[in-house]
Amino acid sequence: MSGGELRVGIISFAHLHAVSYAGCLAAIPDARLVAIADDDPRRGTTMAARFGVDYASDSAELLARPDIDAVIVTSENAHHAAHVIAAAAAGKHVLCEKPLATTREDALTMIAACREAGVVLQTAFPMRFSPPVIALRDAIAAGAVGEPLAVMATNHGRMPPGWFSDPILAGGGAIMDHTVHVADLLRWILGREVVSVYAEAATRMHPGIAVDDVGMLLLTFDGGLFASLDASWSRPATWPTWGGLTIEVVGDAGVIAMDAFNQNVQHYDDRDGTYRLVPWGQGGDPTMVATFVEAARTGSPPPVTGEDGLRALEVVLAAYVSAASHRPEPCPSS
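Numbered per this note's numbering, the sequence shown spans residues 16 to 349.
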């Protein structure tokens, strides 16, 4: 399509981010949420009623509708490939939740399907649109630290509920869930590719789950830059914030640090002993969804592509191979 209102469907509210994306669409003048498909009838009808849109019991019914131009795929990780490939075959533009897929082969097939169909494929990496992250990238590009030499990063939080700890549906645990964000950000901020990964993974915080909840990674980028990453579900259920994403870059002329989720008001209530952090400011979701709408409406390239999703996934897959071998492993794209 070229111009006009973008009519959007959402495939599954299995992922926690779906609610936010639906809310973002409501705030965009050139977009409208038309329908929701979900194989969980209770969840799907509840969300359809909440947003005042139609409900479809399966994605095929939604994709067959001529009044839908684009879809947001927020199903379980293992189902992304089937939903994206079907959407491309139906001529729908796609914003796909991260990780793009759970295997490299699926990701490549998804990218090829969208390219051949002539539809947009954007990977949902909202942290690229976070104001603190953008400020960090701009500062480094302006030479604030000179030549970057090393990076220390964290992305940790509470363990998500439900299928996130199912190795089949999720494709992995904390490393799968949290590494993709930082891998993408570091590629984007530094303008370099990861060439090898050394990782250790374990299940320490939540005994009995079948996936990793702790991951420590050492990434080597082209040019020899090292980056360490703590990607873990290491915060208790009562933790006052969703999680934390930090990046510190050491250069030959200085150091710069960024805390993406440190915009909050601290509130302690002496009456009941509660301590809360109330976030303020804009996160990355609204801008990310708006860029997808613009790309789908105008045919312009999305700012975050399917290939970006693939590159981040390759880092994750190399990390899991390394965690099993206890040796550094090359990234498939290197």
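Derived by calculation from the structure, the hints in this document are not laboratory data.
Don't take every hint at face value.
Unchecked claim - Label pairs and their calculated CB-CB ranges: (1) Asp55 with Ala156: 16 to 26 Å; (2) Ser243 with Asp153: 22 to 32 Å; (3) Gly38 with Ala75: 38 to 48 Å; (4) Asp287 with Glu131: 57 to 67 Å; (5) Ala339 with Asp287: 18 to 28 Å; (6) Ser243 with Glu76: 19 to 29 Å; (7) Gly67 with Ala157: 23 to 33 Å; (8) Gly239 with Ala157: 49 to 59 Å; (9) Ala268 with Ser243: 13 to 23 Å.
We put the CB at the ideal spot given by N, CA and C, even for glycine.
### Query
Honestly, which of those hints from before does the structure not fit?
Hints 1, 3, 5, 6, 7, 8 contradicted; others consistent.
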